[in-house]
Structures are given as C-alpha cells and as structure tokens.
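Spelled out from the first residue to the last, the chains are:
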Amino acid sequence: MSIDLEELRRLLVAAGVRPEVAEKIDPAVPLLKQGLDSVDFPSFCAVVEERAGVPLDEETALTLRTLNDFVAYLAGRA
Amino acid sequence: MSRAEALAALKASYAELPAGLKITARLFEPADAPGVARLFYQVYGEGYPVDDPYVPELYIEANRTGRIRALVAAAPDGSIVGQAAFFQSSPPNKRCYEFGQLLVDKAYRGSFAAMRLYQFALKNMFGQLPGVDAEFGEAVCHHVTTQKMSLLGGYPECGLEVGLMPKAAYAGEGATGRVSCLLQVRVVVPGNGPLFVPACWRGQVEAILPAWPLERDVHASGPETAPPMDLRTELEAQHFAFAGVTRLNIAMPGADFAARIKAELAQAKELGHALVEVFLNLGSPWAGRAAEDLRQAGFFFGGFAPLWFGDTAPGPDALLAQRFLTQEVLADILTVRESGAAVAALVLADMERAGREFGSPVAVLAGPPVKAAQTLGDQPG
Numbered sequence: 001m002s003i004d005l006e007e008l009r010r011l012l013v014a015a016g017v018r019p020e021v022a023e024k025i026d027p028a029v030p031l032l033k034q035g036l037d038s039v040d041f042p043s044f045c046a047v048v049e050e051r052a053g054v055p056l057d058e059e060t061a062l063t064l065r066t067l068n069d070f071v072a073y074l075a076g077r078a
Numbered sequence: 001m002s003r004a005e006a007l008a009a010l011k012a013s014y015a016e017l018p019a020g021l022k023i024t025a026r027l028f029e030p031a032d033a034p035g036v037a038r039l040f041y042q043v044y045g046e047g048y049p050v051d052d053p054y055v056p057e058l059y060i061e062a063n064r065t066g067r068i069r070a071l072v073a074a075a076p077d078g079s080i081v082g083q084a085a086f087f088q089s090s091p092p093n094k095r096c097y098e099f100g101q102l103l104v105d106k107a108y109r110g111s112f113a114a115m116r117l118y119q120f121a122l123k124n125m126f127g128q129l130p131g132v133d134a135e136f137g138e139a140v141c142h143h144v145t146t147q148k149m150s151l152l153g154g155y156p157e158c159g160l161e162v163g164l165m166p167k168a169a170y171a172g173e174g175a176t177g178r179v180s181c182l183l184q185v186r187v188v189v190p191g192n193g194p195l196f197v198p199a200c201w202r203g204q205v206e207a208i209l210p211a212w213p214l215e216r217d218v219h220a221s222g223p224e225t226a227p228p229m230d231l232r233t234e235l236e237a238q239h240f241a242f243a244g245v246t247r248l249n250i251a252m253p254g255a256d257f258a259a260r261i262k263a264e265l266a267q268a269k270e271l272g273h274a275l276v277e278v279f280l281n282l283g284s285p286w287a288g289r290a291a292e293d294l295r296q297a298g299f300f301f302g303g304f305a306p307l308w309f310g311d312t313a314p315g316p317d318a319l320l321a322q323r324f325l326t327q328e329v330l331a332d333i334l335t336v337r338e339s340g341a342a343v344a345a346l347v348l349a350d351m352e353r354a355g356r357e358f359g360s361p362v363a364v365l366a367g368p369p370v371k372a373a374q375t376l377g378d379q380p381g
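These protein sequence lines map, in sequence, to chains E and S.
Okay, so the first sequence: first residue is 1 according to the working numbering, each after it adds one.
Okay, so the second sequence: first residue is 1 according to the working numbering, each after it adds one.
Next comes chain E alone, as it looks inside the complex:
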C-alpha cells in the first residue's frame, strides 16, 4: 500500500504526536531529531503497521529514520 506524506502526518497524530509538531516535521530529517521520543516512535510504527497492513518489525523500523524513508519503504511493499 502506498501512503503519502500527508497520510503519515495524520498517522503521527494518531500515534499521540501533537498536531502542531506533526505539521512541522521535515520529511528529510530524522524523526527522533524533531521532537519524537521513545514512546512516539514505536507508537507511530505500530499505527503505520496497522494502516498499511505491512508487518514492521523493530529491525526494519530502526532503519526508517525519516518520513521519506517510510514513504519509500511502504511504496516498495505496495
């Protein structure tokens, strides 16, 4: 399933990230450098996993650092 940046921003909010934070995320910069923490990131991965229907194990998740990485990964699994 292909998921675009706007959808990923919505999923960030669904994962508990504040909307004003999600809106300002630079898709090319690592999420953990933009206000996401050790709760937000796995929560976001779990929400993406459910929305995309793609299993996202920890080993893979930790290679996805930016929103652009997520877009590319999910497009490759489409």
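Derived by calculation from the structure, the hints in this document are not laboratory data.
The beta-carbon is built from N, C-alpha and C at its ideal position, and this holds for glycine as well.
Watch out, some of these pointers could steer you wrong.
Stated by the list, open to error - With a straight-line cut-off of 25 angstroms between C-alpha atoms, the simulated PhoX-like cross-links for lysine-lysine are: (1) LYS24(E) <-> LYS167(S); (2) LYS167(S) <-> LYS269(S); (3) LYS167(S) <-> LYS106(S); (4) LYS11(S) <-> LYS94(S); (5) LYS22(S) <-> LYS106(S); (6) LYS371(S) <-> LYS33(E).
Claimed, not checked - Label-pair restraints from in silico Cβ distances: (7) GLU59(E) <-> ARG353(S): 23 to 33 angstroms; (8) VAL218(S) <-> GLU20(E): 31 to 41 angstroms; (9) PRO27(E) <-> THR326(S): 32 to 42 angstroms; (10) GLU16(S) <-> VAL54(E): 29 to 39 angstroms; (11) LEU271(S) <-> LYS24(E): 50 to 60 angstroms; (12) THR326(S) <-> PRO30(E): 40 to 50 angstroms; (13) LEU5(E) <-> LEU271(S): 27 to 37 angstroms; (14) THR24(S) <-> ARG77(E): 15 to 25 angstroms.
Fit chain S to the supplied structure of chain E, relying on the hints for placement.
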C-alpha cells in the same frame, strides 16, 4: 505452592532470555504464568510485595476471577518478554481498575515491547473490558513516558499524588527526591449519582470536572451541614510501608470524623510514614463538613477521582486530599500536556496554602517548577 516455595523454584530455574525474539502482544493465558513469575523475579527480585505474580496458580486464579486482567508480550516459543495488567487495587469500587504493572525484560528495554503491549490494550482493552466502570493510572512525573502512554489510552489528568513514591524506588532513574504521580482516570460507565462538592475545594473540583462528560446531580456542600451525632465514620486504612504512605478511603464521614483523622495521622506518624492520602466519598451529603475537617487538619487538595466508590452501581466519586507528616524534597514534576501542568499547579498551590495557614509540612521541589514537557510544538518559529 507458597510464596517461599515459588521464590525458591524461581531462583533455582532462573535463566536470561535470548535477545532478539519476535514479540506479539496478546491476552494472558494460564500457560504464561511461569513466564510472568520469571519476569517479576527478574525485575523485583524477591521484593514484590504481592504474592500473586510469583505463584503461578495464584496468578492464573486471579486472572480467571477477573481480579487481574493481564496481557503479555510473548515470543513464539512462549517466553514472556513483558506484561501489563488491569487490576483491582485501592478503590472500594472493585469495577474501578488500575492499569499498570508494566514490566519488560531487561534484555528488551530498548525494544517495542512496551508499546506493543500498549497498542494491544488500546485496541482490545481500554474502555472495552466488561464490568469495568473506570480505569486509572498513577504515572510517575520524574519522566513523561508513562504519562504519554496513559494519554494514548484516553486517561485525562485529574490529580497529583505529591511525593507518593520514595526516592529509593527510582534511584536508578536519577530521581532527586520523592516521586510524584499524576492521577489519570478514564471513565467507562459514567453513572449519574449525586455529587456533593465541598465548599473549601470547589474551585479545584470545578476546574477538573470538565475532563469527562459526567452527568451528576451537583450540590454545594458547606461545613455547616454536619452528620447526625450517632453516625460513625466508615473508614478503611491501607498502609504501604515501602512507600511510607497511609491511604484512607472514607466511605462515609460521621460525627467522629475529625477525631478519626487525628487518630489516623498519629498512627501514620508512629509508623514513620511520610504522607497520608484521603479519598473522600463525594456522594455523602456531609462531604463538605468532612473536607473542612481535613483542611483544618492541614490537608491540601490532591485531585478528583471519578467512580472511586460504589458497591452495586458506578460511583460515587472521590476527592483526594493529602498531608505530609514531615518536610520532604520532591523530584522534578514533568507533565506531557499543559492540562497536566495545570492540575499539578493547583495541587501544589494548595499545598503551599496548607503550609502557610496551618503550618503543615510541605514538600519542596528540588528542581525547576512544574512545566509541560517541551516539544517541537512549543518552540518559537
């Protein structure tokens, strides 16, 4: 099997789990009980104060009867990497469950195990368990991880248990004093009973009430409405030696209430406790009188706990009042949201008031004042 026998067996059979196991979160099954016992033993050694998790048959029975409703993070081979639970704890309303006991194996602390447990609870348990009126959490405030998870579960902030836990309990996490906990309650079955709002803490209660859509028959309750002379106080005391806390549930304040509180304070002092917490039934027409007695005894407002009481129906609600017995130093109080910081601020302001007015011991923050944790969204530009 006794606790001692269970601990001896755990000690003899203990083994570390290999790292890197694939984890799935799911409901607890009886076959998981030995793995849960191993996990508690790894995290707490022999010191966990309750027998159930160490003794598999007790834990299985507690889950069968619904006293505990556990979930686990399990590997395909059945190894238990993490667990969390809804459980009956302090509230007299046994349909008001606490959510907590979140434990993750040391080899998996940096993994997604905790979040997988939370996501499972979010999808399958929070607000969905049969026979549950309310769920609550007590999230430590020297970091915001637990609070964030509770907020994901839809638990609004409604009180601050100032200095609830001793510094020693979180020594490994750099706590600089007694650790405060944010009380967060999710209402599942709102009920619709009376709510007697004590005059002396009316502003605080009214500030918190909009957190839920509660339908209450609200009455102002002043100190002038005294209980009948022959009405005796119904009080249940819980003593937590490790934490140095006495917790009192006041199901019914009677004519002897002020004297009973005085006696309980004396006993708590004798036990060497640092803090006394009182959960006062706000379904009682004499709540206002009792709250004034507490205020005169040096207590300060701690929070509003919906559905804390109730035998056969959801509610009534409770007011939390607190009093320190000795001067204490507090670890930092961090909150995720401004709403949590606002609750903390009104509690701490009333603690200061109690110190000024009645000379009650107060707890002092070791670090900066309460602040919602800064995120990108708080930064200018």
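Results for each hint:
Restraint check for LYS24(E) and LYS167(S): the C-alpha separation of about 38 angstroms exceeds 25 angstroms, so the hint is violated. For the hint linking LYS167(S) to LYS269(S), the alpha-carbon distance of about 19 angstroms falls within 25 angstroms, and the restraint holds. A threshold of 25 angstroms between alpha carbons decides the hint, and for LYS167(S) with LYS106(S) the separation of about 21 angstroms falls inside it, so the pair holds. Under the criterion of a C-alpha separation no larger than 25 angstroms, the hint pairing LYS11(S) with LYS94(S) is inconsistent with the structure, at around 34 angstroms.
Proposed proximity of LYS22(S) and LYS106(S) is supported: the alpha carbons are some 15 angstroms apart, at most 25 angstroms. Only pairs whose Cα atoms come within 25 angstroms are accepted, and LYS371(S) paired with LYS33(E) is accepted, the gap being roughly 21 angstroms. At roughly 54 angstroms, the beta carbons of GLU59(E) and ARG353(S) sit outside the given window of 23 to 33 angstroms. At about 35 angstroms, the CB distance of VAL218(S) to GLU20(E) agrees with the hint of 31 to 41 angstroms.
Under the hint 32 to 42 angstroms, the C-beta atoms of PRO27(E) and THR326(S), about 53 angstroms apart, miss the expected range. Hint check: GLU16(S) to VAL54(E), Cβ distance near 32 angstroms, so the stated range 29 to 39 angstroms holds. The hinted window of 50 to 60 angstroms between LEU271(S) and LYS24(E) holds, with their beta carbons roughly 51 angstroms apart. At roughly 46 angstroms, the beta carbons of THR326(S) and PRO30(E) sit within the given window of 40 to 50 angstroms.
The hinted window of 27 to 37 angstroms between LEU5(E) and LEU271(S) is violated, with their beta carbons roughly 58 angstroms apart. The hinted range of 15 to 25 angstroms is satisfied by THR24(S) and ARG77(E), whose Cβ atoms lie roughly 20 angstroms apart.
Hint check: violations occur at hints 1, 4, 7, 9 and 13; the rest are consistent with the structure.
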